[in-house]
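Trainee: What follows is the residue order along each chain.
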Amino acid sequence: MLAIVDYGVGNLFSLLSSFASIGEPAQVTDDPATLAKADGIILPGVGAFGDAAEKLRKTGLEEAVIREAKNGKPLLGICLGMQLLFEKSLEYGEHAGLGLLRGTVRPIREVIPADYKIPHIGWNALHIIRRSPLLSNTKDGEFVYFVHSYYAADCADSLAAVADYGAPLTAMVQKENICGCQFHPEKSGEVGLRILRAFADMAHKKEQP
Amino acid sequence: MITKRIIPCLDVRDGRVVKGVNFTGLQDVSSPVSLAEYYSSCGADELVFYDITASSDGRALFTEILTETASKVFIPLTVGGGINTVADFDRVLKCGADKVSVNSGAIRNHSLVDEAAKRYGNQCVVLSADVKRVDGVFRVFAKGGRENTGMEAISWIKRCVEHGAGEVVVNSIDTDGVKTGFDLEMLAAVCEAVSVPVIASGGAGCIGDFIKLFKTLPQVDAGLAASIFHFGTVRINDLKREMHAAGIPARMTEKE
Chain A
1 MLAIVDYGVG
11 NLFSLLSSFA
21 SIGEPAQVTD
31 DPATLAKADG
41 IILPGVGAFG
51 DAAEKLRKTG
61 LEEAVIREAK
71 NGKPLLGICL
81 GMQLLFEKSL
91 EYGEHAGLGL
101 LRGTVRPIRE
111 VIPADYKIPH
121 IGWNALHIIR
131 RSPLLSNTKD
141 GEFVYFVHSY
151 YAADCADSLA
161 AVADYGAPLT
171 AMVQKENICG
181 CQFHPEKSGE
191 VGLRILRAFA
201 DMAHKKEQP
Chain B
1 MITKRIIPCL
11 DVRDGRVVKG
21 VNFTGLQDVS
31 SPVSLAEYYS
41 SCGADELVFY
51 DITASSDGRA
61 LFTEILTETA
71 SKVFIPLTVG
81 GGINTVADFD
91 RVLKCGADKV
101 SVNSGAIRNH
111 SLVDEAAKRY
121 GNQCVVLSAD
131 VKRVDGVFRV
141 FAKGGRENTG
151 MEAISWIKRC
161 VEHGAGEVVV
171 NSIDTDGVKT
181 GFDLEMLAAV
191 CEAVSVPVIA
201 SGGAGCIGDF
211 IKLFKTLPQV
221 DAGLAASIFH
231 FGTVRINDLK
241 REMHAAGIPA
251 RMTEKE
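Taken in order, these protein sequences are the chains called A and B.
Under my numbering, the first sequence is numbered contiguously, ending at residue 209.
Under my numbering, the second sequence is numbered contiguously, ending at residue 256.
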């Protein structure tokens, strides 16, 4: 079973439906015991980094997620959920993240050309930097759906794929069991479902003795 | 490279897809769920569901259909029609919508865009504006294009963007249903005024109209149409192929 962390941020309907469509039982939960039992954990998120980090902390789920991740359980952060995996974010001030990956979340405005619109919204191609198990079913140049105004910087040790928006923006990260997608795999059609499939496969491999 | 989005719009009444020509004379087309699945499989980048139901029974049917679609189709879904309050946002977001488009609701209640953007984020709020020239001035129309609000369109759109609309759909009543191309003059005026994504709507009759749109106005992010897709006049995979051939960034899918 996969656990989708429910900490009151965002809409989990599509995520749940997409796991159902690939035949992977997933459960939306705010219970640390359920996270402990799961084969893999999905950390979703939309909205502002500071609010989300605070909610995750207040509910006690941050501690549970960090504990499971440090035990080697596959963890997939999606969109803001990916950004939360890093050390800190500079979105409206400075906020601490979970610190599971090295790097800082910064405004895309700092790196993209002035005439590019913000947010980076729409379908963009994945450029694979490093082969990751998360990309085992994905080809270079396949399109995924993005909606974001901040990106993960200084994360060379986990960087798996980027998208070109006048500058290379971090699209996917993975270091050992810690994975993240800046885009929305649950909104990226067939390509996205294949990425969720790859994560589920990673999770089940972990389960075997 | 971010791609130009192609968006079929499904007008839904009492659980069926309909499309009007110049907003009158509706004609039944198909089942929304199967049409949505079909479009998703042939490369649509996003779908808009527009609820033109008046009755509460029809509205309940709409949310059922939305839920069913969102559990089968994994591309962004925008919902519009009958969105008057933040509670309406909540109702459709819970059924799997990703973005909500406001039109008459924002005209009636000027704080709706602001409130919704604060609660759900700008990326969730799409302003849909029905615009028509009246004595040479772009005016905003309400109630499905039937009522002239008297408001000047460009300043209205600008105001909504300042209050949190994350995208703008510009629907030209002058070109809607006429199939002689998008309203490039109107779209240029909107692109000049705002820096959020602009979606062109109204007037597409053939593939060439989309090519002309993106070639003439590279600032436009997406093209939206209904009947030409529903009746098969334009097939989305053919459109994507021709956009690609013309050097317009388009999402190509393997299924072609």
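Hints should not be assumed to be uniformly reliable.
Stated by the list, open to error - One-sided excerpt, in silico: chain B residues whose CB lies under 7 Å from chain A: (1) 5; (2) 45; (3) 52; (4) 71; (5) 93; (6) 96; (7) 146; (8) 150; (9) 197; (10) 248.
As the list claims (entries may be wrong) - Each computed BS3-like pair below joins lysine-lysine, with the alpha-carbon atoms no more than 27 Å apart: (11) A/117 - B/212; (12) A/139 - B/118; (13) B/158 - B/215; (14) B/179 - B/215; (15) B/215 - A/55; (16) B/72 - A/117; (17) A/58 - B/118; (18) A/70 - A/88; (19) A/55 - A/175; (20) A/55 - B/158; (21) A/37 - A/175; (22) A/175 - A/139; (23) A/88 - A/139; (24) A/88 - B/72; (25) A/70 - A/175; (26) A/88 - A/55; (27) A/88 - A/117; (28) A/70 - A/58; (29) A/37 - A/58; (30) B/118 - B/143; (31) A/117 - B/118; (32) A/205 - A/175; (33) B/94 - B/143; (34) A/58 - B/94; (35) A/205 - A/70; (36) B/179 - B/143; (37) B/143 - A/117; (38) A/117 - A/70; (39) B/158 - B/118.
What the hints contain is simulated information worked out from the structure, not anything from laboratory work.
Just so you know, even glycine gets a beta-carbon here, dropped at the ideal spot from N, CA and C.
Trainee: Does each hint fit the structure? Answer for all of them.
Mentor: Evaluation of the provided hints:
1. 5: holds, 6 Å
2. 45: Given a least distance of 6 Å, the restraint on residue 45 of chain B holds.
3. 52: violated, 23 Å
4. 71: Since the shortest Cβ distance to chain A is 4 Å, the answer is holds.
5. 93: holds, 6 Å
6. 96: holds, 4 Å
7. 146: Nearest chain A Cβ about 31 Å off; hint violated.
8. 150: violated, 30 Å
9. 197: holds, 6 Å
10. 248: Check failed: Cβ of residue 248 of chain B comes no nearer than 13 Å to chain A, outside 7 Å.
11. A/117 - B/212: It holds: about 21 Å lies between the C-alpha atoms, which stays within 27 Å.
12. A/139 - B/118: violated, 38 Å
13. B/158 - B/215: holds, 24 Å
14. B/179 - B/215: holds, 18 Å
15. B/215 - A/55: violated, 45 Å
16. B/72 - A/117: Not satisfied, since the Cα-Cα distance of roughly 31 Å exceeds 27 Å.
17. A/58 - B/118: This hinted pair holds, its Cα atoms lying about 21 Å apart.
18. A/70 - A/88: It holds: about 18 Å lies between the C-alpha atoms, which stays within 27 Å.
19. A/55 - A/175: With a Cα-Cα distance of about 25 Å, the restraint between residue 55 of chain A and residue 175 of chain A holds, given a limit of 27 Å.
20. A/55 - B/158: Since the Cα atoms of residue 55 of chain A and residue 158 of chain B sit roughly 33 Å apart, the hinted pair is violated (cutoff 27 Å).
21. A/37 - A/175: holds, 22 Å
22. A/175 - A/139: holds, 19 Å
23. A/88 - A/139: Violated, at about 31 Å.
24. A/88 - B/72: violated, 36 Å
25. A/70 - A/175: The given pair, whose Cα atoms are some 12 Å apart, holds under the 27 Å limit.
26. A/88 - A/55: Since the Cα atoms of residue 88 of chain A and residue 55 of chain A sit roughly 16 Å apart, the hinted pair holds (cutoff 27 Å).
27. A/88 - A/117: holds, 24 Å
28. A/70 - A/58: It holds: about 20 Å lies between the C-alpha atoms, which stays within 27 Å.
29. A/37 - A/58: holds, 22 Å
30. B/118 - B/143: holds, 25 Å
31. A/117 - B/118: Holds - the C-alpha atoms of residue 118 of chain B and residue 117 of chain A are around 20 Å apart, at most 27 Å.
32. A/205 - A/175: holds, 16 Å
33. B/94 - B/143: holds, 25 Å
34. A/58 - B/94: holds, 24 Å
35. A/205 - A/70: Roughly 17 Å between the alpha carbons, so the hint for residue 205 of chain A and residue 70 of chain A holds.
36. B/179 - B/143: holds, 22 Å
37. B/143 - A/117: violated, 31 Å
38. A/117 - A/70: Status violated; Cα separation ~38 Å.
39. B/158 - B/118: The given pair, whose Cα atoms are some 18 Å apart, holds under the 27 Å limit.
The structure fails to meet hints 3, 7, 8, 10, 12, 15, 16, 20, 23, 24, 37, 38 from the earlier list, while all remaining hints are met.
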